[in-house]
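Student: Sequence:
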Amino acid sequence: MKRKLRINGHSHLLPYPEEIPDFMREKGIFWVDKDRKYMLQKDWSRPVTDSSFFLHEKLEWMERNKIDHAVVLNLSQLYGNGLRVEEMKQALRFQNDFNAKIQHENPNKFTCGFVVHPGFVRSACWEIERCVETHGMQLLCLPTHYMDTIGTWRCIFDEENEPIFELANKYNLAVEIHPYDGEKFIKLENTSWRFHLIWMLAQCADAYHFLTLNGYQEKYPNMRTCFAHGGQLAQINLGRRIQGFDGRPDLFEGKHHPRKAVGHKNIFFDTLVHDTGGLELLIKNQGSQQVLMGLDDPYPLGEMESTKQSSYPGKILDLAIERNIINESERDAIWEDNVIQWLCGDDETAKKELVNRILS
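In full-length UniProt numbering, the protein residues as written are 1 to 360.
Read the hints as simulated data drawn from the structure, not as lab findings.
All values reported here derive from a predicted model rather than from experimental measurement.
For every residue, glycine included, the Cβ atom is placed at its ideal position computed from N, Cα and C.
Check each hint, because a few of them may be wrong.
[As the list claims (entries may be wrong)] With beta-carbon atoms standing in for the labels, derived distance ranges:
#1 Pro17 with Arg64: 17 to 27 Å
#2 Ser192 with Leu359: 38 to 48 Å
#3 Gly254 with Ser192: 32 to 42 Å
#4 Asn222 with Arg93: 22 to 32 Å
#5 Lys27 with Lys101: 15 to 25 Å
#6 Ser123 with Ser329: 36 to 46 Å
Produce the complete structure using the sequences and hints provided.
Tutor: As structure tokens, then:
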């Protein structure tokens, strides 16, 4: 019998300090200090909490935890919001070329995403074409929210961005929706990690709200969208959205009923909800086949080795089996089949190529 693969659908990787071009530090866009202790931007720093932020250490970490393959997203700090146009383009191109290089040099270990800035739709489309045609990348990373050219914050599933989704549909792309930058447009003091612990989940729920109201899961049948962190507040919020839609139809003219999107085959969520109650609600709402493994390593909010939390990568699924939330075949599918379905869709050739790449 074929060995079941363990594929992590939500991972991050930092460049080594010497791989980051000088202009990124000089302009205060993003860099890592030479001791690899901090990631930095102008007026911002964050500790590097685990050595597996970096490539060789990441490979060792994956080996130790029996993870066969990882989907590497872009770094949230490189969405480019608020940067001058040329700086933004250079920063995003650096991120995309770095991720492409990681995938090309380690094809059995990594599938890497690329990022575009939706505030500049035409150049975003050019970058999608470049990353797909030149680099062979199949995962488009998008923020839940972005700043447009006049400084207004918008949801990613704004109708102005339809050219981006048309291209994602044309190229059969997987799409990752990830929150960041909440403190730039939510007028609250950035204290007690509130933007990571609460508002990021609200940002995901907001993006899910507009994806489903616009019916993009049907309109773009070859685009498969995954929401980070289990789209956690979107799960608890379903009933309120349905009642709101039914109770005030005047506010939703021409929009699609929220119920139509529940469990849809083109909408996925990762497992990173931190407790079995959250996972059970996600699976009850959407079905286990729409859920894929996401560790969010190596961030401290990821599913990492932790003595304090008696945690390890994959613990939530082991607990879910103990508590009869899922069975073993569902667990195996969350680790393998569902991730592959998100990445490849119904393209059987692409699925075989991905599996062969991992097993090589």
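Student: All hints are to be evaluated individually against the structure, with a verdict given for each.
Tutor: Structure-based check of all given hints:
no. : hint                           : in the structure
1   : Pro17 with Arg64: 17 to 27 Å   : holds (24 Å)
2   : Ser192 with Leu359: 38 to 48 Å : holds (45 Å)
3   : Gly254 with Ser192: 32 to 42 Å : holds (40 Å)
4   : Asn222 with Arg93: 22 to 32 Å  : holds (26 Å)
5   : Lys27 with Lys101: 15 to 25 Å  : holds (22 Å)
6   : Ser123 with Ser329: 36 to 46 Å : holds (44 Å)
Comparing the model with each earlier hint shows no violations; every hint is respected.
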